[in-house]
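There are 2 protein chains.
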Amino acid sequence: MSIEISKEFIEKIQLLVENQENKTILESLNDEHHADIAEVLDVLNLEEATYIIKLLDSEKTSEILMELDEDIREKVLENLSAKEIAEEVSEMETDDAADMIAELSEERQERVINAIQNEDLAADIKELMTYEENSAGSLMAKELVKVYATWTVAGCLRKIRAQAKNVSRVHSIYVVDKQEKLIGRLSLKDLITAKSEEKIADIYISNVDSVHVNDDDEEVAKVMAKYDLEAIPVVDDYNTLLGRITIDDIVDVLKEEADKDYQLAAGITQEVEADDSIWELTRARLPWLILGLFGGLGSVFIMEGYEEIMANPKFAKLFFFTPLIAAMAGNVGVQSSAIIVQGLANDNVKGSLFNRLLKEVGLSLINGFVLGILVVIAGFFMKMEVNFSLTIAISMMSVIIVAALIGTFVPIILNKRGIDPAIATGPFITTSNDIFGIFLFFFIAKLMLGF
Amino acid sequence: MSIEISKEFIEKIQLLVENQENKTILESLNDEHHADIAEVLDVLNLEEATYIIKLLDSEKTSEILMELDEDIREKVLENLSAKEIAEEVSEMETDDAADMIAELSEERQERVINAIQNEDLAADIKELMTYEENSAGSLMAKELVKVYATWTVAGCLRKIRAQAKNVSRVHSIYVVDKQEKLIGRLSLKDLITAKSEEKIADIYISNVDSVHVNDDDEEVAKVMAKYDLEAIPVVDDYNTLLGRITIDDIVDVLKEEADKDYQLAAGITQEVEADDSIWELTRARLPWLILGLFGGLGSVFIMEGYEEIMANPKFAKLFFFTPLIAAMAGNVGVQSSAIIVQGLANDNVKGSLFNRLLKEVGLSLINGFVLGILVVIAGFFMKMEVNFSLTIAISMMSVIIVAALIGTFVPIILNKRGIDPAIATGPFITTSNDIFGIFLFFFIAKLMLGF
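Taken in order, these protein sequences are the chains called A and B. In terms of the UniProt record's numbering, the first sequence opens at residue 1 and continues consecutively. In terms of the UniProt record's numbering, the second sequence opens at residue 1 and continues consecutively.
Hints are computed from structural coordinates only; laboratory data are not their basis. A couple of the hints might just be wrong.
Pairs involving identical chains hold if they fit within one copy or between any two copies, as the list cannot separate such chains.
Quick list of in silico lysine-lysine cross-link-like pairs, DSSO-like style, CA-CA up to 27 Å [said to hold, decoys possible]:
id, residue 1, residue 2
1, K189, K314
2, K446, K314
3, K314, K416
4, K226, K7
5, K416, K359
6, K199, K189
7, K83, K126
8, K54, K226
9, K75, K255
10, K189, K146
11, K178, K189
12, K222, K260
13, K314, K83
14, K189, K159
15, K146, K383
16, K226, K255
17, K195, K146
18, K75, K126
19, K12, K222
20, K146, K222
21, K7, K60
22, K159, K195
23, K222, K60
Please read these numbers as outputs of a predicted model, since none were measured by experiment.
Taking the hints into account, I'd like the entire structure generated from these sequences.
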């Protein structure tokens, strides 16, 4: 199947909107998936997008709104009244509803919630909005299928038919006791393959994974990925069943986390996309460049200390090698830190720190040795004195070892202190390794060449 | 809930294995999730792990095996006979079975498949093993619940009870015609909320997404993420239903893809983990460092062309700024390429190339201007001549613009030629930008300072 929206289709829709051919618009969009319609609206202008949102029925538009690009959704929502938004929200799952309302201004939030006709729904949304960002509570939905252990299979199926209408996908049926405490689960499959007179208490599976409403969303993602769960119930301190989190939300969490780490490694501090404005991109990129600038000025400062050797042609060539040394220090540091950051994320940085230190030193010695030999060979072709190319090779090896150790241990230390180790990748490690590298390079060269 | 395995638990298991207290081992592990047992086995030695695998029943061990670290699984499988592996495989879903058999040597593959007692299963696994790696076929499982449009709801439920036993999770029920062609779908919920005498033909949803068996797995991941699907049917050229892909496999694809891009950006060429051997880590890291070395030697070559200005103290200081210039070129290049690579992955690099060029130039001008002012200010404190610090500032701005353009367009061009743009991040872009940067820096300085 193709997931591309054709340019012709978009132009056709634009023309139809211009001519207000409502019937044809509805016909054209009715068979399209809401995610596709959202993509069409993303490229239309605001008036056109709003026109279509107001034209389609709220069952469809509620799903489209959730798929829209955040910036565009914000603008479309500004064009809708509190009552219209309340109608959209009433068609959504509670987690999506709470997320969308949270994007509005505080004053509008209240008006929208007050305009929701179903009071239970309004209460659910209010509850969801109280949970902290990046907590299990902020991810969960209130919709779930819940049965009491005392029910029979037949009674259960009857009740489920009613409950399931509000739940788009039934992953698991949660079994609770009289106090609404989670005691087990059942799959729909178990239920339809059981005899109708059996009691739930006799057939449910008591071994049920759950997360606490205040758990971190990344922790929830790890649990669900590890145990291959498609939904997980959320409970409070008393094990009361509060809601459930589904795998599609976790896919989003994993993707965001991966994107964030990737951007940090590349020196981009906040979530930006290729299509964001120049100002947003500048805000995300400039701070790291300024860090790099100060790092570079630090290197200038170090080299100024060796200014006098420039007059001596025997030593002056050392300055030609500073970008090479800085690049090696940077590359090695980023490699080491990236492996550690990924290892920490996947929980496979185990064993003692001393063993890890030995390993990094060993690895750097091998890499440094191979690269050092290459430098000596290159030096031969570049007609450098052996003494001089050996100096470059040996100081480069030392720089590689130190860079690897910095790249390895800075993220580990940050992680131990509860700081996201991903910030220690990219420009941060490159810049500090540049300075250390240049310092060490001249220091060792001075010892070896004796200036 | 906690997903940590305690050290005490592992030591207890080790002691039990040593004393061959089989009953206690079974009791201790019976209530544990297979993913947790796999984690325990990952840290035990090979004999201990094999002992436990042979002790537990194959229903449990088949799941444990799939969760084991690949290196450890390989070794454990070497200790099992073809017949024992066949028994494990028979308990797995077909996609997992095919994946695990594919890890064996070719000669063992055949023996294991021949040892599978269920001939249909053996045929399914053989079929799955014919699909290319990273294709939809390689991800799909043969297990699914399939009904014919001519059946009634009641008949359907009867048949499903039988089929569902082999399917661990029923996401969708696929509706086929007499030729086994996919014509629609039904949810289990739809089925239990329908009247038992209704015909499937009257209640099924004909709008069903599917992927072709030869589609790329990343494409499948995009489709499933976009349309929030938890399972998708896989068809051949004639729309014959061949299997289904579930969201848990897609989570793995997304994770692998993100990890790979991250590692490429960090200059690590193959999938390695923090706990891999020094040799594996060297193989993954050294090639990029060699690339960096040659880049650095390229800079040496460029600077040698300006050797004579070292004698002039007015110009010699330029050499102090080469690491700064190289760092700026590298950082800007990585930022630009990372944003583009992510944008390409998320399909949001749209619009004309010319507009993108304008945007990158605009962005670089802003960043370069701010950084240039900082350089002039720093120059004031470092007692540089204004003329000199202006030269540094302006050449740095030019370097930033060129670096941003290279970082933006190299991945776009690679992508257009069908090459993974992610290889253009990290050391590749840093190294080429280092050389361009140094070249441009001296070229502009020469023009401005007139040497």
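Taking the hints in turn, this is what the structure says about them:
1. K189 <-> K314: neither (81 Å within a copy, 82 Å between copies)
2. K446 <-> K314: Both: 12 Å inside a chain and 24 Å across chains, each within 27 Å.
3. K314 <-> K416: neither (47 Å within a copy, 48 Å between copies)
4. K226 <-> K7: Answer is between; shortest inter-copy Cα gap is 19 Å, intra-copy 42 Å.
5. K416 <-> K359: Within. Shortest intra-copy distance 20 Å satisfies the 27 Å Cα cut-off; inter-copy 40 Å does not.
6. K199 <-> K189: Both, since 16 Å and 21 Å are each at most 27 Å.
7. K83 <-> K126: Answer is within: at 17 Å inside a copy they meet the 27 Å cutoff, but 58 Å across does not.
8. K54 <-> K226: The answer is between: 23 Å across copies meets 27 Å, while 43 Å in one copy does not.
9. K75 <-> K255: For K75 and K255, the Cα distance is within 27 Å only inside one copy (25 Å; across copies 33 Å).
10. K189 <-> K146: Both: 15 Å inside a chain and 15 Å across chains, each within 27 Å.
11. K178 <-> K189: both (24 Å within a copy, 26 Å between copies)
12. K222 <-> K260: both (17 Å within a copy, 19 Å between copies)
13. K314 <-> K83: neither (80 Å within a copy, 72 Å between copies)
14. K189 <-> K159: The answer is both: 16 Å in one copy and 12 Å across copies each meet 27 Å.
15. K146 <-> K383: neither (80 Å within a copy, 74 Å between copies)
16. K226 <-> K255: The answer is both: 16 Å in one copy and 13 Å across copies each meet 27 Å.
17. K195 <-> K146: both (19 Å within a copy, 23 Å between copies)
18. K75 <-> K126: within (23 Å within a copy, 53 Å between copies)
19. K12 <-> K222: Between copies only: 26 Å across chains, 45 Å inside a chain, cut-off 27 Å.
20. K146 <-> K222: Close inside one copy (25 Å), not across copies (32 Å); limit 27 Å.
21. K7 <-> K60: Within one copy, since 22 Å is at most 27 Å while 52 Å is not.
22. K159 <-> K195: both (16 Å within a copy, 15 Å between copies)
23. K222 <-> K60: Between copies only: 22 Å across chains, 33 Å inside a chain, cut-off 27 Å.
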